[in-house]
Amino acid sequence: MAEQKRPDVARARLRWRTDAVAGVGGIAPKRLIFIDECGVQTNMARLYGRSRWGQRAYSTVPFGHRKRLTVLGALGTDGLIASMSVEVATNGTIFAAFLEQVLLPELRRRKPDAVLVMDNLRPHKTAEVRAVLDRSGFPYRYLPQYSPDLDPMEPAWAKVKSELRRVGARTVDALQEAIGPALGSITPRDAVGFFRHCGYICPD
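Per numbering that gives the first Met the number 0: the sequence shown = residues 0 to 203.
Keep in mind that the hints were calculated from the coordinates and are not lab data. For every residue, glycine included, the Cβ atom is placed at its ideal position computed from N, Cα and C. Some hints here could point you the wrong way.
What the hints assert, rightly or not - Label-pair restraints from in silico Cβ distances:
1) 195 / 119: 29 to 35 angstroms
2) 49 / 124: 34 to 40 angstroms
3) 9 / 55: 14 to 20 angstroms
4) 60 / 144: 32 to 38 angstroms
5) 148 / 64: 32 to 38 angstroms
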C-alpha cells in the first residue's frame, strides 16, 4: 500500500524488521503471539467453482440480509493459542475481556515467556486494554502502521475464511458451529509458514 512509502512508516517498518522483534536479536519468533480479529458473515460463499467445459458454475448467496460475527484469535508458531467469537464489532471492553478471560490464562499455562503483538486498531489501545496488558506481566508490542504484511494472523484469517466460504453457513448458529473446525484447520505447520511468509525467521 502507498502509505508504506511514507518516510515515517518506512522507518518504523525498517526498525521492526531489523530489531529484536523480528527475531534478529533477543526475541525468538517462537515467543511472539500475534493477536487480531476478523469479521465473518452468513453470506460467505466460495470465490471459485468448477463446471463442465463451456458451462457456467452457479451458486446462490443471501442478498441484503446477513448476520455478522467477530472472531478474535491469537497465533503463535505452534498454531492458534486461543479464540473467541462475539456477535458485535470489537471494542476496547470486548478486547480486554478476550485478553483477561481467554488468552492470558492460556498463555500463563502454555507460554509464560510470550511477547504479545497487535496492530494499531483503536480497541487495542484503550486505557482499559493497556491496564490489562500492563498488569498481565507479559511484554507487548504494536506493529508499525499500515503493515498487515508483518502480521501472520492475516494469512491465518484467509485460511479460516476460505473454510467458512466452503461451508456456506446461512444462520448465526451454523456459522458459530463452523468457526471451530475452520480455526482447527490451522496446523502448526501452517503457523510456521505464516510466520516465515511475514519475514520471521523460524527454525525447522
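Here is how each hint holds up against the structure:
1. A hinted range of 29 to 35 angstroms is violated for the C-beta pair residue 195 and residue 119, which are about 23 angstroms apart.
2. At about 45 angstroms, the CB distance of residue 49 to residue 124 disagrees with the hint of 34 to 40 angstroms.
3. Distance hint check for residue 9 and residue 55: the Cβ-Cβ separation is about 45 angstroms, which falls outside the suggested range of 14 to 20 angstroms.
4. For residue 60 and residue 144, the Cβ-Cβ distance of about 34 angstroms falls inside the hinted range of 32 to 38 angstroms, so the restraint holds.
5. Distance hint for residue 148 and residue 64: a CB-CB separation of about 34 angstroms, consistent with the stated range 32 to 38 angstroms.
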